[in-house]
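Undergrad: Make one complex out of these two single chains by using the hints.
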Amino acid sequence: MPRRPLSLLLPAAIGALMVALWYGVHAWLSEDQRFLLPTPDAVLTAFREHGPELAHATLNTAEGALLGWLLAVAAGFVLAVGLSLSPLVRLSFYPYLMILQMTPIVVFAPILVLWVGPGLRSVVIITFLICFFPLVVNTTQGLISTDRNLVELFRLYRAGRLQELWRLRVPAALPYFFTGLRIAATLAPIGALVGDYTAGSSAGDGGGLGFQTLIYSSQAKYPALFATAAVTCALGFVFVAVVVALSWAALHRWHDSYERPDV
Amino acid sequence: MSTVEFREVGKRFGDGPLILDRITLASEPGDFISIIGPSGCGKSTLLRLVAGLSPVSTGALTFGGRPPGSAATEVAFVFQEPTLLPWLTVDDNVELPARLRRLPPGERAERRRKAVALAGLDDRASFYPRQLSGGQKMRVSLARALTLSPGVLLLDEPFGALDEMTRERLNEELLAIQREQRWTAFFVTHSVAEAVFLSNRIVVLAPKPGRIHSEVRVDLPYPRTAETRFSRDYQDLVAGTSRLLRSVAASH
Numbered sequence: 011m012p013r014r015p016l017s018l019l020l021p022a023a024i025g026a027l028m029v030a031l032w033y034g035v036h037a038w039l040s041e042d043q044r045f046l047l048p049t050p051d052a053v054l055t056a057f058r059e060h061g062p063e064l065a066h067a068t069l070n071t072a073e074g075a076l077l078g079w080l081l082a083v084a085a086g087f088v089l090a091v092g093l094s095l096s097p098l099v100r101l102s103f104y105p106y107l108m109i110l111q112m113t114p115i116v117v118f119a120p121i122l123v124l125w126v127g128p129g130l131r132s133v134v135i136i137t138f139l140i141c142f143f144p145l146v147v148n149t150t151q152g153l154i155s156t157d158r159n160l161v162e163l164f165r166l167y168r169a170g171r172l173q174e175l176w177r178l179r180v181p182a183a184l185p186y187f188f189t190g191l192r193i194a195a196t197l198a199p200i201g202a203l204v205g206d207y208t209a210g211s212s213a214g215d216g217g218g219l220g221f222q223t224l225i226y227s228s229q230a231k232y233p234a235l236f237a238t239a240a241v242t243c244a245l246g247f248v249f250v251a252v253v254v255a256l257s258w259a260a261l262h263r264w265h266d267s268y269e270r271p272d273v
Numbered sequence: 141m142s143t144v145e146f147r148e149v150g151k152r153f154g155d156g157p158l159i160l161d162r163i164t165l166a167s168e169p170g171d172f173i174s175i176i177g178p179s180g181c182g183k184s185t186l187l188r189l190v191a192g193l194s195p196v197s198t199g200a201l202t203f204g205g206r207p208p209g210s211a212a213t214e215v216a217f218v219f220q221e222p223t224l225l226p227w228l229t230v231d232d233n234v235e236l237p238a239r240l241r242r243l244p245p246g247e248r249a250e251r252r253r254k255a256v257a258l259a260g261l262d263d264r265a266s267f268y269p270r271q272l273s274g275g276q277k278m279r280v281s282l283a284r285a286l287t288l289s290p291g292v293l294l295l296d297e298p299f300g301a302l303d304e305m306t307r308e309r310l311n312e313e314l315l316a317i318q319r320e321q322r323w324t325a326f327f328v329t330h331s332v333a334e335a336v337f338l339s340n341r342i343v344v345l346a347p348k349p350g351r352i353h354s355e356v357r358v359d360l361p362y363p364r365t366a367e368t369r370f371s372r373d374y375q376d377l378v379a380g381t382s383r384l385l386r387s388v389a390a391s392h
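Same order as they appear, the protein sequences are chains A and B. According to the numbering used here, the first sequence is numbered sequentially starting from 11. According to the numbering used here, the second sequence is numbered sequentially starting from 141.
Because the hints were derived from the structure by calculation, they are not lab data. You may find that some hints are simply not true.
[Stated by the list, open to error] Computed list of chain A residues with no C-beta within reach of chain B, every gap over 10 Å: (1) M28; (2) L46; (3) T49; (4) Y104; (5) L122; (6) F143; (7) Y226.
[As the list claims (entries may be wrong)] A short, non-exhaustive set of chain B residues, derived as facing chain A with CB atoms under 7 Å: (8) A191; (9) F217; (10) E221; (11) W227.
Quick caveat, the model's predicted, so the values are computed rather than measured. Positions of the beta carbon are idealized from the N, C-alpha and C atoms, including for glycine.
Looking at chain B on its own, in the form it has when it is part of the complex (with noise of 0.2 Å):
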């Protein structure tokens, strides 16, 4: 139902250079697919013809048969800043993505409810967006996300700018979601060991123009919690997963 399907998609702006070359590449539903890649390899760009704000240049991009834009599947999008609206209430600021949907006022209070709960963030409903930290500010937006309950949901380096014991905790807490909800993810970072953690797939992107490079299977068992991290098996596979990207890099 929430498969996205890439064939041989090609992306350019206007007349410039290939962004994205031949891109061909399956989600299954409950997939958390990460996309690492140097700079400039077009990762942003994938997570925007996902999300229909940009289209395609050749080749197909569909959701479970339809075109991006008009599937019936909700797909969200957490952008690299938090993106917040500075005048509306943390409250306010979730509900924005129902209220925009004209969703009756009891269900939109729902779910709005439910998603601030979901991001532990009930003790700073009524905060404005200044009042917060640079995490709390991430977890509205992704609060905001889960809203609509989305069957996809697109994450472009949602946590770049946080410091470490922030993300590794922000982490958990995206798997601990995923688990209970089932959207499928597309996770831009570029952070290896953050896409080993997260992730079940990734998938390499090489540069100019950017195309899959390679996919590593990461077979860790869920839940994953703070304790992966010490195991041999993850540890082994960042070591890997960076050796390989190193390589994409450096043959460029």
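So that you can see chain A by itself, here it is in the shape it has in the complex (with noise of 0.2 Å):
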């Protein structure tokens, strides 16, 4: 929470500032190109005009990125466990996870709409893939990284595998683990927009913003573009907001990278 003036007024100053270069870049383009750039009431005037469909869109969108980023949480943080239990194993399967890391989702889109069909199912998955990486490789990085002395602690105390895990190896991984899901949580809304845009569907009222992309673009509504990019920006933010707060829940009163309370 900011307490001071200052750190209330100064992103305020800097928003509006560049509130006044947008306008100022605007008047600035001949009269011809205008166009390219809309005002900031110009887009906002695009969102009363389309505000229904872009409010349907994103909760369309919004379902698709929750679903494929718990989908991706849960499955990353199974593999993490499995990965994290012996070198031999990392060296196993990091090749392959890098490929699929590496595979241009663009291009894997239209064979993935020709395995499960176009829509939801689709999103989902693409969703899936762009947020599995980081999880994957965050949470195993935490669940490896355990103080070596408190492992002997419980070698000592005779303490069975399981015990080890989920008393000491997950808890101690919770703040990699954290920051995994804080990335995938900015990339869970990009990658159901890329994912409808490439394999969505408008059939059953099923478009999401994605889609809506296409259609405004195809339309030259470039103000509308604007605001499904001002949506889809505040839909992460809406993801991230609810991982900080996660995070605050199950860090604050013990991790370092909380404020110590007073003592």
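TA: And the structure:
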């Protein structure tokens, strides 16, 4: 929470400056080029005009983003636990994980559409693929970075492997896990939008923000495109805010990344 | 019952150099044995053998006749660092060994209460480790070691990082707790004064490979208090043992 007036004023001032700059560039452009950069009020008008369909598309994209993200968290956690078992397991699986991450989604999307059909299922899988990697890598790193002394302590008390996992490795990995979760949260709405753009479907009102992007660009509705970008951005902020809240709840009492309470 | 016996124990890691050479040593129940010696003489390794964290290479190490790890006697370890779980409160850290052993909740709470009180941590029970001073963290580590009522307590320079006042106070409290619970202690330290104050026996190790150079008997009467440190006998023992340690270090 910002406590000093400066920490509120400064970001607001920079925001105002950027809006002013935006208007300035718009005015500086020649008459016939101004459509390239619609003014903020034109974007607001587009919001009013396309409000209902944007809201509907946002909900569809949010659904795909949330499902893909949750799927990535669950699968990523399980895989990370498996990878943390031994260096040999990591060595054997990492190359294929890298291949998965390097495969361009845009190329993969048409194949996916053939496999599972266009629509929510494809969107969820594409979001999953985009979120998966940072979750696995960060969580694995956390699970294998446990303090050696603490591991010895558990050995001394003859703790079982499951006790060592749940009572030591998993809590110790939480800060890393939340780092992965935060990165994935910023990627999820973008992933869902890209998924919708490349493999979405408008059948049964299933179109999301990616689909709206296709429509608005084909109709040259540039202010509406800006509005779509803003909505996607806002969706990302909601995702990140949820992660920040979860992370605070799990870590603020004991982890050094949060301010020390006075003793 | 809680006799620890080393017979000709040798230790090396893999194909490395000999770390400990023919260590023969037996503890009587209630002994407080300090282990001193120059750096690299295998003091910590010796404790790790007793804890079962590392196997002996040659010779035999037994607890009342049985190998470490399988013995009925509880062995507890206090490390150089407090080694606390940062996400657990003082209470939960102290209770951890009982949890790992899956003791019933009632017994867990009872043992935890006793250990927390013994270590003087009642008013810190709900604190997290980062809210504690170095001395308090070490108390938590000690309380955790006492939770399972060990027969043997291994302490690896536990107070080395603390200021002198705190260290002396904790030394006194440690002795008071031992009088009550009668565990056998193996205490590694770099401080001769600390070794003399705490122990009835001091084992002096020589380095490369680590072996027993000599043993000093400390016949100062118990209970020992802050006053003990001002006694002539104590100061003579500290001076004599320091001289001995210096000669061991000089001959290598």
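Undergrad: Compare the structure with each hint and give your call.
TA: So, going through the hints one by one against the coordinates:
| no. | hint | result |
| --- | --- | --- |
| 1 | M28 | holds (39 Å) |
| 2 | L46 | holds (53 Å) |
| 3 | T49 | holds (51 Å) |
| 4 | Y104 | holds (28 Å) |
| 5 | L122 | holds (40 Å) |
| 6 | F143 | holds (27 Å) |
| 7 | Y226 | holds (48 Å) |
| 8 | A191 | holds (6 Å) |
| 9 | F217 | holds (5 Å) |
| 10 | E221 | holds (6 Å) |
| 11 | W227 | holds (5 Å) |
No hint from the list above goes unmet by this structure.
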